[in-house]
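**Q** Those protein sequences? They're chains A and B, same order as listed.
For what it's worth, the working numbering labels the leading residue of the first sequence as 781, then goes sequentially.
For what it's worth, the working numbering labels the leading residue of the second sequence as 781, then goes sequentially.
Rather than coming from a laboratory, the hints here were simulated on the basis of the structure.
Heads up, a few of these hints could be off.
Put simply, identical chains are the same to the list, so a pair is met inside one copy or across any two.
[What the hints assert, rightly or not] Once the Cα atoms are required to be at most 20 Å apart in a straight line, the calculated SDA-like pairs of lysine to any residue come out as:
| hint | residue 1 | residue 2 |
| --- | --- | --- |
| 1 | 1020 | 1045 |
| 2 | 1210 | 1291 |
| 3 | 1020 | 917 |
| 4 | 1020 | 909 |
| 5 | 1260 | 919 |
| 6 | 926 | 978 |
| 7 | 1020 | 1041 |
| 8 | 1020 | 916 |
| 9 | 1093 | 1152 |
| 10 | 926 | 975 |
| 11 | 1093 | 909 |
| 12 | 926 | 974 |
| 13 | 1020 | 911 |
| 14 | 1020 | 1203 |
| 15 | 1093 | 1029 |
| 16 | 1020 | 1044 |
| 17 | 1260 | 920 |
| 18 | 926 | 973 |
| 19 | 926 | 1159 |
| 20 | 1020 | 1043 |
| 21 | 1020 | 914 |
| 22 | 1020 | 963 |
| 23 | 1020 | 1159 |
Quick caveat: nothing in here was measured; it's all calculated off a predicted structure.
2 protein chains.
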Amino acid sequence: MGNPGGSVKAARADGRPAASGIGDALFWGSLFQGLDRRGPFLQLQIRQLICTAIEEGRLALGVRMPSSRELATLLEVSRNTVVIAYEQLVDQNFLISRERSGFFVAGLPKHLGTQRDDRAAPDEAGAARWAGRFAVRPSANRNIVKPLNWQDYPYPFIFGQFDPSLFPTNDWRESARAALSVPEINNWARDLIDEDDPALIEQLRLQVLPRRGVRARPDEIMMTIGAQHALYLIARLFVKQGTRVGMEDPGYPDARNIFGMQSDNIVPLAVDGEGMVPDANFESCDLAYVTAGHQCPTTVAMPEQRRLEVLRKAEESDIILIEDDYESELISEGPALPPLMSLDRNDRVLYVGSLSKALAPGLRLGYVAAPAPVIRELRALRRLMLRHPPLNNQRVAALFIGLGHYRSHLQRVSRVLLERARILDQLLPKHLAGCDFVRGVGSTSYWVTCPAACDATELATAALAEGVVIEPGDVFSMTKGTHANCFRLGFSSIRNDRIEPGIERLGRIIARMS
Amino acid sequence: MGNPGGSVKAARADGRPAASGIGDALFWGSLFQGLDRRGPFLQLQIRQLICTAIEEGRLALGVRMPSSRELATLLEVSRNTVVIAYEQLVDQNFLISRERSGFFVAGLPKHLGTQRDDRAAPDEAGAARWAGRFAVRPSANRNIVKPLNWQDYPYPFIFGQFDPSLFPTNDWRESARAALSVPEINNWARDLIDEDDPALIEQLRLQVLPRRGVRARPDEIMMTIGAQHALYLIARLFVKQGTRVGMEDPGYPDARNIFGMQSDNIVPLAVDGEGMVPDANFESCDLAYVTAGHQCPTTVAMPEQRRLEVLRKAEESDIILIEDDYESELISEGPALPPLMSLDRNDRVLYVGSLSKALAPGLRLGYVAAPAPVIRELRALRRLMLRHPPLNNQRVAALFIGLGHYRSHLQRVSRVLLERARILDQLLPKHLAGCDFVRGVGSTSYWVTCPAACDATELATAALAEGVVIEPGDVFSMTKGTHANCFRLGFSSIRNDRIEPGIERLGRIIARMS
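My request is simple: use the sequences and hints to build the entire structure.
**A** Set out below in structure tokens:
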């Protein structure tokens, strides 16, 4: 443990607090300034701040800590909280306790020396040098841009993001805690190479997919890191340079970017009031990406007749269909239409879905249901890419669904989202009178078409300045500049009482700009 | 809620238990046969079994459940456990409670019909049809094959897998529970698009990378789904058809497969007693994959002189180095050598690491440290592929490291693994007398060369039959058939008391086969 006495002198020389007492209240105050007294787990927070300060060298070997009474007073926490924190830090050898003298910072094993310290930030020359080495430039993609801090805006009409008021906190906690038992840890801690948690596959088969009208055997399902990962894997497995991939236009930009990275032959597919149009362009494709449930971004649900026509033409032209059923389940409203996958009798649909939208995008829980020979190759590819999605999350999700929480949760989500849709159905004609708006049955967003003179990108910027978040439409179009007067208005993350003032504001801004 | 009375008759007709009592103890016994009485959370288990039976239709609408007393007796659990389970199921509308009559199965919302039920398993024709559509065939790769149930064998000399006896159960639980507070959920539930949890990046920078001799700014670090995902991203970003990628031979098969999927120009790099040899082959490469810390699979640590030579030649020939430091930190043994990344003054090293080996492979926590312009493109690529690794796990890991648990954990792991190495150092010369064995300083496995006549694949099969798991060496070679008499002997997952009997058996089998 070194020589605390000697080191304390060194600490003193550094201007750090002396061993003779709490010394510099200013120092300790600044060390603990990150403490969130209203936050949970105060004792953990204190430990974390001390550990971090020791690792950073802000608390040097031998420094005497304030007594538990002194620190409790300084931080306005109970003394017991500090006592427990100190005891734990002694157990971990961050601190040593010396009878009648108090607690001192213990020695840490030396880090390896490094030659890379204090390097300059990268310069333009460095960036240019790397640019010459990249085989692809994913950063050059056109993407949906949402402010990362959208939760800080009062009127977030944003699509597919987390709503804290809808998260099933207690039920998720129960499942997460159950997954921390020793037998469960032994289940999820392992490397399953190319497999998934069989319990989650079983729950998907039993409780999730049937609700969406899809029935699949265990060897026809694979978990992914969100639905997007499923699209990426499918693109990598099926698409090479020259493969003709049909993309709805307007359509989901991430999917377009994913397939565009594999092939330059991206074929725009027309979209009308019934969704994707199976015309000659469609018939020329090898694969086609279809959002039959709700066309992204126009929200329309493809009628059953159109679905059957798409399937018939796909069979005639031997097209593989990728069905992205990205927001099925969230709203139960009217008779549900069967997905392409369940209507198909020729095993040519790869079905992509997600639990992220219903639960939390941060969890990244997606899946793909497809014929077994496809799943077999997708598993081999996923094994190569990252083995499998984290198994602890798979097990928590399996418990959550298996305990019936998913079912109850969806009922609640549907109720709340339908209420929001009813509010908007009333408000939109009133406040956005000059606009056209569509919301397909069961969709969690509206597709709004402003008067032609209104540029939705400018509108979104102006709206953001007044606290209203909307998503301008042009990024959904393959040709930049079309759908410039359209935007997506989502309501899955906005509080009911914020809807009316938000729409009022938005209406005023549109009126001003039109 | 329908008409339970009427439905009960239907249930009766199905041979299901009647409403008049517990009826068929055999039926209820079989329904709950999955119950693990020694397992944790009995109440949760009971709820899960009932939910599942209802979803599967094995418990039909209106069926009367056994009374809590009857079920408690049948399952040999406390009555209170059943009472709580029933109450929760009533809250969730799986059951309804009717005064003085008991608990009945409630109606479930109808699933969508499906046309895909009861399909036949895929036939050869179906598989052949798909085979014609795949752009790549990842399932054709040669891979390391480990029995998935290796934990069932008494002598698992397996590499890099989970050891339940080393997992920091309580400390992980503390961190995981802290991440379930409402403010923490709000942190991790979000979609961060292309970012990571800043708290985890900070802890890596502060506590993990310095211990490995690497210092990096926040914009030089990105999280991945295990180290393998980092390799995949790097391969996709830098390698196209024709790019010359140097791979150590023998080397890590997964890395070889990953780079081989992007380019046919995989250049074998010689390996000697000091690791990868920077010869003319190396100098011809655009990129090279190097395991300087411990050459995979020969375990040798590259001496500092060789490291400097590799860096010098990489600079002369403008080669990008991918340093896979896959088992740094696990064993502290002798003076640690600085990684290539920390010796490099020309920003040409991409450093790949993982927390999976120290904690649990099932968590899939890897990372890459690289110059900022590279991280920027890797983030854009990862965003396209899957956005980001699940944020709840990132936050738990940040708390685990921030609370000092990672540091304490590594100290314990190192102590235990060193003890196993000491035992093996004594046993191997005695029981594997005809073999040559190498273990680089700090490595968690030995590379064993048997007498030339001994085929290690046959040996592994024979050993497995006697409960001993080893990993035959030929899969590490680019040319099938070389290193046929070598195998990897890992000790990160075997109990100390199993080492001697396991090595004794292995020695007998080798003697028999040589």
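**Q** So, for every hint listed, does it hold in this structure?
**A** Comparing the hints with the structure gives:
1. 1020 / 1045: Intra 10 Å, inter 18 Å, cutoff 20 Å: intra and inter.
2. 1210 / 1291: within (12 Å within a copy, 89 Å between copies)
3. 1020 / 917: both (17 Å within a copy, 12 Å between copies)
4. 1020 / 909: Answer is between; shortest inter-copy Cα gap is 18 Å, intra-copy 28 Å.
5. 1260 / 919: For residue 1260 and residue 919, the Cα distance is within 20 Å only inside one copy (17 Å; across copies 39 Å).
6. 926 / 978: Cα proximity of residue 926 and residue 978: across copies only (19 Å, versus 36 Å in one copy).
7. 1020 / 1041: Answer is both; intra-copy 9 Å and inter-copy 12 Å each pass.
8. 1020 / 916: both (14 Å within a copy, 9 Å between copies)
9. 1093 / 1152: neither (23 Å within a copy, 48 Å between copies)
10. 926 / 975: between (34 Å within a copy, 13 Å between copies)
11. 1093 / 909: between (48 Å within a copy, 18 Å between copies)
12. 926 / 974: between (34 Å within a copy, 12 Å between copies)
13. 1020 / 911: between (23 Å within a copy, 14 Å between copies)
14. 1020 / 1203: neither (47 Å within a copy, 52 Å between copies)
15. 1093 / 1029: Result: close within a single copy only, 19 Å intra versus 50 Å inter.
16. 1020 / 1044: Both, since 9 Å and 15 Å are each at most 20 Å.
17. 1260 / 920: Answer is within; shortest intra-copy Cα gap is 14 Å, inter-copy 41 Å.
18. 926 / 973: So residue 926 and residue 973 pass the 20 Å test across copies only (9 Å; inside, 35 Å).
19. 926 / 1159: Classified as between: cross-chain Cα gap 16 Å, same-chain 32 Å, threshold 20 Å.
20. 1020 / 1043: both (6 Å within a copy, 13 Å between copies)
21. 1020 / 914: both (19 Å within a copy, 9 Å between copies)
22. 1020 / 963: neither (44 Å within a copy, 44 Å between copies)
23. 1020 / 1159: Intra 19 Å, inter 23 Å, cutoff 20 Å: intra-copy only.
Checked against the numbered hints given earlier, the structure breaks hints 9, 14, 22 and satisfies all the rest.
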